[in-house]
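Go ahead and model the full structure; you've got the sequences and the hints to work with.
So the sequence lines, in the order shown, correspond to chains A and B. 26 is the number that this note's numbering gives to position 26 of the first sequence; each next residue is one higher, with no gaps. 99 is the number that this note's numbering gives to position 99 of the second sequence; each next residue is one higher, with no gaps.
Hints should not be assumed to be uniformly reliable.
[Said to hold, decoys possible] Quick look at which bits of chain B chain A covers, simulated, 3 or more residues with Cβ under 8 Å:
no.	segment
1	165-179
2	206-214
3	264-271
Don't read these hints as lab results, they were simulated from the structure. A virtual CB, placed ideally from N, CA and C, is assigned to each residue, including glycine.
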Amino acid sequence: MPKKNNSQFQDIPLEGSLGLLALGAVGIRAWKKKREESAFVNENKNFIKVKPEAKKDPKAKIAKKKESK
Amino acid sequence: MSKRKAKKVLLIGWDAADWKVINPLMDQGKMPTLSKFVSEGVMGNLATLDPPLSPMLWTTIATGKRADEHGIMGFIQSNASGDGVTPVLSTSRKVKALWNIFMQHGMKSNVVAWWPSHPAEPIDGIYVSNFYHKLSTKIDYRKPLAPATVHPEKYSKIMDELRVFPWELSQEHLLPFVPDAAKIDQEKDQRLASVAKILSETATVHAAATWAMENSEWDLMAVYYDGIDHFGHGFMNYHPPKMDIIKQEDFNLYKGVVEAGYRFHDMMLERLLELAGGDTTVIIVSDHGFHSDHLRPKGLEKAPAAPAAQHRPYGIFCAKGPGIRKDEIVYGSTLLDITPTILDLFGLPIGKDMPGKPILQIYERPEAPDYIDSWENEPGECGMHSEEKRHDPWAEKEAMEQMIALGYIDPPGEDKKEYVDNTVRESKYYLSKVYMDGRKYTDALPVLIDIFEEKQEARYARALIRCYLNLNKSDEAMEILERLEKIHPKAKTQMQIFRARISLQKKEYDLALEYLEKAYLVSPNSHVINLELGNTYFIKKHYTKSEQAYKRCIEINHIDPSSHYGLGRVYLKLRNNQLAAEHLVSAISLRYYFPVAHYFLGEALFRLKNHDRALEAYQIAVIQAPGMEKAHLRLIKLYGDIYKNEEKAEEHRRFIEEKILPLIKAKGRA
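Okay, here's the thing in structure tokens:
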């Protein structure tokens, strides 16, 4: 099974690319890792005006309740 | 026992992929991976089944059974106790899928996102259910993975991490789909968010599939992508050529979405092929096509599963690998043939209870396949869920609540009983369509009578009329038609078509023509009306008018087998045998299982003195319809008079005497 090694992922753009998505798991993991390391926040608000809202996650709500107890 | 031809098989499902969109893209060099793929393998149409609803069709692809056998009927179903509704689940499937059969043979399978596949089945391999990639309708909500989404459970964490969400996507991802995205006012127009949602879900499936391919050993890798279908339902109306109903500014913004979707799938295919390696047999299929041209419907009926009207009856099939022909076209395949083909690739016998056939045309050197009565009774652990889990109302209730919470299906509303009744009736309607598609009209009839008596909906009435007509019950068909006219008085053209069909069955040809000509004046570009006109003029021996009507049909839809068949028959009557042969070949290339078309092709070739090919055509006709006496008579003549092979001629004589004549006598007595 051919695997992509880390050296092939040195120039990962923080914004990602369709090419990285098309690479599948290795591309997505490399891109997510790069963003994490750079504490990247997607500033392209003109494109998709949504953000994850933890308060809507029922599990997060339950976890918060437990914490407060 | 037939030998194993494939070391490994990668089965890729592209829901709704259609050659009508793909071919121009390949010609323009925009799908280079698929273009190379088909030049190194075989390609062809894959005829769908009715109703063309994805959960039913993908289960047929993976089991080789029609829906009345496999048990998946639509999107939702009533639960085991009959007092609630549940989404269709892997536990709803009553028969073994390929991966279950393979497990019994010590083979490993990976299954990703197949529809329906939740809860994940405990097979020998990695199994990621179709709940995995589905985002909530609120796309800003990061829903947790549902329990039993991933098998083995230990891979849940990594699969969760691989998911891609719309809010993670940037202009780099979205501008190839919508280059002028910056002009969109997203407060008013949610379509860009919809592109992002579909792209995220597709990338998520691909991430899971590629991870499984890289991190496990497998014999079968089956992965299903719903992106092309979803891009189609959302954006095909913006695809060029521009439809009248689409505003110019919307067309300008979204005209590239479908094309970009296909191109992204081509990019993903490159990676899948790289991971599979050159010694793997790869099959790409779609469950149906998608109207992309002037046949796109301008509006949809207000009924459950109405978007299926956008589906075209031919999906795609292509395959490449060791022992498979290169750069060839295969004809006459259906969804029912995929499971038999894959079983044959692994040298395993095909169940005689599978109505399809292995596509032997793919091989450089085809061999006769093996058969067993059924795989269903074969003993051994197969990874299907236990009986308890199959009828576990708690699990069903939980899954349903989750589906509603996540926005997959509408909440039941206040009247729970009505919701359940509607679901049951809809499932019965689909069942009746499955029966009709399999020509089991006597099975379909009581189901249709039942649902129509329960609720007088126009679509039930239409199906009931068709069923009665197929059973030669024109009086009963007329009775339902009169009721339909009261339910839906505005559909005058449709009523005239039905009246014409009923008149035809009663051999009242002039009356039939009267109805059809009136309908034609209202809708001259209707394919159905022109086809009926062609058929009726043919019966009335008005061959020139018949020819004109069939030609109009071909102008409207040049890949309709019935119009080519009709035109072929007209040219036979007009003694233009060359043109007749050409149109009959076109008809067969579009629908291979078409015994009368093979017979009349034989007639045209016989007159052209091309005896070898005429013999071949008659032989195919009797293989497809063994009771076709006139084809046997032609074979007797050819073998006796031309080839001087008395033994073969006698074989067909005996067949008529022993098999066909007793049937004719019995029918006469009846």
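Here is how each hint holds up against the structure:
1. With 11 residues bearing a CB less than 8 Å from a CB of chain A, the segment 165-179 of chain B meets the requirement of three and the coverage assertion stands.
2. Coverage of the segment 206-214 of chain B by chain A holds. Counting CB-CB distances below 8 Å, 8 residues qualify, and the rule asks for three or more.
3. Residues of the segment 264-271 of chain B lying with their CB closer than 8 Å to a CB of chain A number 5, which satisfies the three-residue condition for coverage.
In summary, the structure agrees with every hint in the numbered list given earlier.
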